[in-house]
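Visitor: Here is how the chains run, residue by residue.
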Amino acid sequence: MSVKRVMGTETEYAVSLAHAGTYDPVRLSFAVVAAAADPRTAHIRWDYQREDPVNDARGGRLARSQARPDMLTDEPQRHITNVVAPNGGRIYVDHAHPEYSAPETTDPFAAVRYDHDGDGLMLAAARKASEQTGAAIALHRNNVDGKGASWGTHENYMMLRSVPFEQVAALMTVHFVSRQLYAGSGRVGLGERCETAGFQLSQRADYLHTAIGLQTTFDRPIVNTRDEPHAPGEYRRLHVIVGDANRMDTPQALKLGTTSMLLWMLENAQSCGMDIAGLLDATRLADPVAAVHTVSHDLGLAAELPLEGGGTITAWQLQARLLSAVYETGARMYGTDSRGEPLWPDKPTVRIMAMWRQAMADTAAVRHADDDERLGMAAEASRLEWLLKWQLLERLRRRLNCSWSDSRMAALDLRWAALDPAVSPWEKLRARTVCLDDDKQHSDGEQLSSNEQPSAAEQLQTAEIQPPNDTRAWLRAWIVKRWPDQVVAVSWSRITVRDQDSKTGLLSVDMSDPQRWTAASCADALADDDVTQNDDAAQNGTVQNGTVQNGTVQSPKDATQTAAAALKLIMNASAA
Amino acid sequence: MPQQFQRNQSQQSDAAQSDEAQDAPMAQQSSKQADQSDALDSILDDIESTLESNAEEYVGSFVQKGGQ
Chain A
766 MSVKRVMGTE TEYAVSLAHA GTYDPVRLSF AVVAAAADPR TAHIRWDYQR
816 EDPVNDARGG RLARSQARPD MLTDEPQRHI TNVVAPNGGR IYVDHAHPEY
866 SAPETTDPFA AVRYDHDGDG LMLAAARKAS EQTGAAIALH RNNVDGKGAS
916 WGTHENYMML RSVPFEQVAA LMTVHFVSRQ LYAGSGRVGL GERCETAGFQ
966 LSQRADYLHT AIGLQTTFDR PIVNTRDEPH APGEYRRLHV IVGDANRMDT
1016 PQALKLGTTS MLLWMLENAQ SCGMDIAGLL DATRLADPVA AVHTVSHDLG
1066 LAAELPLEGG GTITAWQLQA RLLSAVYETG ARMYGTDSRG EPLWPDKPTV
1116 RIMAMWRQAM ADTAAVRHAD DDERLGMAAE ASRLEWLLKW QLLERLRRRL
1166 NCSWSDSRMA ALDLRWAALD PAVSPWEKLR ARTVCLDDDK QHSDGEQLSS
1216 NEQPSAAEQL QTAEIQPPND TRAWLRAWIV KRWPDQVVAV SWSRITVRDQ
1266 DSKTGLLSVD MSDPQRWTAA SCADALADDD VTQNDDAAQN GTVQNGTVQN
1316 GTVQSPKDAT QTAAAALKLI MNASAA
Chain B
-4 MPQQFQRNQS QQSDAAQSDE AQDAPMAQQS SKQADQSDAL DSILDDIEST
46 LESNAEEYVG SFVQKGGQ
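These protein sequence lines map, in sequence, to chains A and B. For the first sequence, this note's numbering gives the first residue as 766, with consecutive numbering after it. For the second sequence, this note's numbering gives the first residue as -4, with consecutive numbering after it.
Chain A on its own, in the form it takes in the complex (with noise of 0.2 Å):
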């Protein structure tokens, strides 16, 4: 592995009503994942059977009737409501938030991509469920209300259960506490009541009061220890809760692609003779929870941080050391280029480091402008959210002469995170920034033109959404794709159709390897049985003699095939 690393997001949004008034965020949720729903694919349950969320990552397991109620999340609400994304993703109510979980990807830049996907669906879905009910109802993507609540946006890393987990821990920790210099999306408010006027460079730093526990939803941890792998044996799944719900790709990229290098570097340190414990003893911060505060509070980018072994480190200077171990341990893996470069296997590696480097770059020169020097810097701006948004915030701050604790500060910034293209100013500033779409791709956020771009939700309207080609998302999506009516349930890790078959009238598929089933495999295995394009197929350009064209495959053509069969076919193959 390299970045690339089977990965995905989770994103929890707000919901409220648009025109003021009392409402209860659980019934709106429900509303809005309902309203997600295809009725052809309604009925498909999700299957909690694999589901683990009281496994410590650090050994042993939390007895249930010690759980707090709302950590046994594979024990739902009895009327909970799943979608299975046309994209392989999940659509469900979270504690008090309609949630979008992408589908496995394999690189950074394809989570972005697919986690995009959630805001146009779930946006469909709120203008929708409005229709049903006669209520506006907004999404808001963000992790906070000001007023003490604070909801997530995690992220998930597939990696080997070999590297020990006080490593995982130790160096994650330090990554955590200073990737907010170009990670975070900026906040107006200190404290989680916004207790202290002012703005910040996290969301979700205030909502952090341990440095390590298996809970989510109260006394957050920096690091989360949920060993719920959705993975063979010999991985983990790493699930981190600190994020931020950015609306810029950069740091999102950025987030998701430093930490899969630095699992990556874990994974492999040992066989290239990197001295992972003289890094973790060097970077061992004396309170960790405090210094992702003292970060995301330090607008001037240069707060000290004491060390446990003495003597104090600023964020930069962490994510400097971070930077500078990837580096030598891919010298040390890959060898050099002639300017020093490390020879990374793959594109998206490569296009990861060029950006931390960036991030680099953009936060040094930040830390060394004044506040009217900061209000003009166009180019750090495409890339750091908190930075563009601290620039609107400061504008307006100016023209209105009023404080950070003015509530039009603090509208604006709930305005930027309004899912409703005509709400946000988000959505008329994106075109300035860096969009990371392959097909939309910019080098740099200056040569962007100003004309406006539709929103990330319009684009989604007219373009059928896919599931991901190289994961086990693909055969999820397709099955209930092409055979609505005859699937049962669906988990990340298991599939069940019915089979007339089988003595119980079913048959489950075990999906755990999510690199495994996908649409290259499975178009394979679907060839070797005579399987030729059907209409659709054939307009769209797909699966032919077994192979994938167009990055997407459709079903076959074969009308008396059952899900069952087909299922029956792929496993063989894959068992050959």
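I should point out that these hints are in silico values taken from the structure, not numbers from a laboratory. Among the clues, some could well be false.
Heads up, simulated PhoX-like pairs for lysine-lysine below, C-alpha to C-alpha not over 20 Å straight-line [what the hints assert, rightly or not]: (1) B:27 with A:1193; (2) A:1193 with A:1246; (3) A:1268 with A:1333; (4) A:1112 with A:769; (5) B:27 with A:912.
Place chain B on chain A using the hints.
Guide: Frame of chain A; chain B shown alone:
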């Protein structure tokens, strides 16, 4: 050492190019700053009257329950 000579030459020309490359953004710097300010101001022009009329209600009624 002809190869080394060539390499030195090409390094010099790289250095000269990068000097030019640095000059260009310097010249554009002030116009970019002004452009950024104009873009932000135009958004604030659009949004300011709405903020004036409903900021308190919008922020006050945004009350969520905690999540994960």
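Visitor: For which of the previously enumerated hints does the structure constitute a violation, in increasing order of number?
Guide: 2 and 5
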